[in-house]
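Modelling step: build the complete structure from the supplied sequences, incorporating the hints.
Chains A and B supply the protein sequences, listed in that same order.
For what it's worth, the numbering used here labels the leading residue of the first sequence as 13, then goes sequentially.
For what it's worth, the numbering used here labels the leading residue of the second sequence as 13, then goes sequentially.
Be aware that one or more of the hints could be misleading.
Because identical chains cannot be distinguished in the list, a pair is counted as satisfied if it fits within a single copy or across any two copies.
[Said to hold, decoys possible] List of simulated lysine-lysine pairs, BS3-like, C-alpha gap at most 27 Å:
#1 Lys32 x Lys18
#2 Lys361 x Lys142
#3 Lys302 x Lys360
#4 Lys360 x Lys18
#5 Lys360 x Lys32
#6 Lys361 x Lys36
#7 Lys256 x Lys142
Rather than coming from a laboratory, the hints here were simulated on the basis of the structure.
For clarity, every value in this text was computed on a predicted model and none was experimentally measured.
2 protein chains.
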Amino acid sequence: MNTDPKLNVVPFVSVDHMMKLVLKVGIDRFLTDLAATIEEDFRRWPVFDKTPRVASHSQEGVIELMPTSDGTLYGFKYVNGHPKNTRDGRQTVTAFGVLSDVGNGYPMLLTEMTILTALRTAATSAVAAKYLARPNARTMAIIGNGAQSEFQARAFKSLLGIDKLRLYDIDASATRKCARNLAGLGFTIEECTSVEEAVEGADIITTVTADKQYATILSDNHVGPGVHINAVGGDCPGKTELSKDILLRSDIFVEYPPQTRIEGEIQQLPAEHPVIELWQVMTGETEGRKSPDQITLFDSVGFAIEDFSALRYVRDQIAEHGMFTELDLLADPDEPRDLYGMLLRCEKKLEAA
Amino acid sequence: MNTDPKLNVVPFVSVDHMMKLVLKVGIDRFLTDLAATIEEDFRRWPVFDKTPRVASHSQEGVIELMPTSDGTLYGFKYVNGHPKNTRDGRQTVTAFGVLSDVGNGYPMLLTEMTILTALRTAATSAVAAKYLARPNARTMAIIGNGAQSEFQARAFKSLLGIDKLRLYDIDASATRKCARNLAGLGFTIEECTSVEEAVEGADIITTVTADKQYATILSDNHVGPGVHINAVGGDCPGKTELSKDILLRSDIFVEYPPQTRIEGEIQQLPAEHPVIELWQVMTGETEGRKSPDQITLFDSVGFAIEDFSALRYVRDQIAEHGMFTELDLLADPDEPRDLYGMLLRCEKKLEAA
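Take a look at the structure:
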């Protein structure tokens, strides 16, 4: 019989609670810890069930489910991508996710993941750069100064000590917003008026634009020797940011090749073009950066395991800090086979009331 | 800019609210309306995005995601199946689901679906039987008297006028529970002590047992001419209920062949064994029952479109009856590109408080 009185309950982290949790932990520590959790999971990559995300495409955008499991925990994220959403005040990307116990299939956590995805994307980028950028890197260009840009800046500062930023966006007000938001944190910030200007002297180039189309945000002549490119914005079929010529000069690192071939920058390349799996760099099975002149490219599209890491990190954090409510999500009849009887008892209670 | 002040909010139907909603509408009407919604969606089957469910199997059970879309709405269900769960007071199957707007990707409804799945499974079975059972059917055997059994009985009474039940379960206490729960509703109920006894004179045989293994709940000699078999319990790889010989004597109707080949009774048959798609019977493209002696079999595994129908039915019902709360699930910054700024403003508010 049911011994736990709260089998029906799933902890829920709302947007408000997520913000308070992140602030309570501290943005820098949250990013650093989350990056460590992601790295931990990348290092045990082979234990995960992996599948390319399950996407439902429409004219306006895409809705995706991203499940994975390590055999003990199961996680999935729901995420949409609708570039035109900002026109009526909505987010381009919103997300929520669930962590479950593989042993009984019960959800253990339901959480907003719009903010959490921004954090995990930035943390993943910074982890990758830790292995791929030149060790003395200090300066990062950020092309595209939208919702993800500040998170990238914070993660690269926390993990790599990047403290010089060169910002560019086709919309100068986005650049101003990004610079304003990052003021007072110890960054030296240059607001640039062209991609050319932004990439000048940058050790790392982060591209994080949002248009759903083949675009060449970065051209071949923008990328000098030794640069690490952190390509974040190209993340669905038909959406790329880099000129193909850059790809041909770079060593390309990816999360999960079957998904990146469909969604990443490398959709521009033949399917047999060699790529390196990031997790193998972390375990030492493959080399990351080999020389100061090498161009490294992290073709980031976002993979389910990163969300899994974020979910389990949040689960641990709410155990320590609270910041959740309890949702009556799961039917919990007194006798498990008597789901219908639960309905009858509810009826009697309502009649008595 | 954001004109709707509540873009962050998603209506949430808890287990408690679902029970109250079902009781407010009335179980019979809920089942009948839901069946009509399912039939409506089956009749427009070709418009749906269809994919076999995305399953994550483990030793203990399975966790599945079941997405679909009609191009305007998108729905998915999370559902687990863990046969041993009842040992520690948990449900074998729990579920929740989400309905979203394809146009902007925003969730419009989050709801418990443990109870709702029980209702939609029963409603689907009854819709299928409406086309496949003999028109004069009055008597149904129910083999397996667990959580789904009463819902099946109620749906078959509401939709087809089935008012004679013959119940059997290897656990006699389950049969007693089922009979007790269904008392006073106009059923004539026979509690049987064997499958042989239960199927005697039955026009319809419903099998709805829960063991995750190849089992032969129903043998060939149990099934006489003219019977309609409603096989509900076999619904994952390695889990079947019927003897293969029965399948070979039956005309087999299925929801979505690529999924049923993996999960249904027909996993016992070669991949080329002919099956009939239920939706085509509903649209009149194919005949259902052709003669009084024919054995018809609905090899039900549960398909995403049925959950989609249930989600849109619930969405309409809560618009009329309420029975939901509002979840702060989606980040809604004042300026869509300023997700990070939302965090900063939250910080300022907390500091001021």
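How the hints compare with the structure:
1. Taking the shortest Cα distances, Lys32 and Lys18 sit within 27 Å of each other both inside one copy (25 Å) and across copies (20 Å).
2. Taking identical chains as interchangeable, the C-alpha atoms of Lys361 and Lys142 are never at most 27 Å apart, the minima being 60 Å within one chain and 34 Å between chains.
3. Neither within a single protomer nor between protomers do Lys302 and Lys360 lie at most 27 Å apart by alpha-carbon distance, with minima of 72 Å and 45 Å respectively.
4. Taking the shortest alpha-carbon separations for Lys360 and Lys18, only the intra-copy value of 22 Å comes in at or below 27 Å, while the best inter-copy value is 36 Å.
5. Within a single copy, Lys360 and Lys32 get their C-alpha atoms only as close as 41 Å, which misses the 27 Å cut-off; across copies the closest is 11 Å, which meets it.
6. For the homomeric pair Lys361 and Lys36, the shortest alpha-carbon distance between copies (13 Å) is at most 27 Å, but the shortest distance inside one copy (42 Å) is not.
7. Within a single copy, Lys256 and Lys142 get their C-alpha atoms as close as 25 Å, which meets the 27 Å cut-off; across copies the closest is 58 Å, which misses it.
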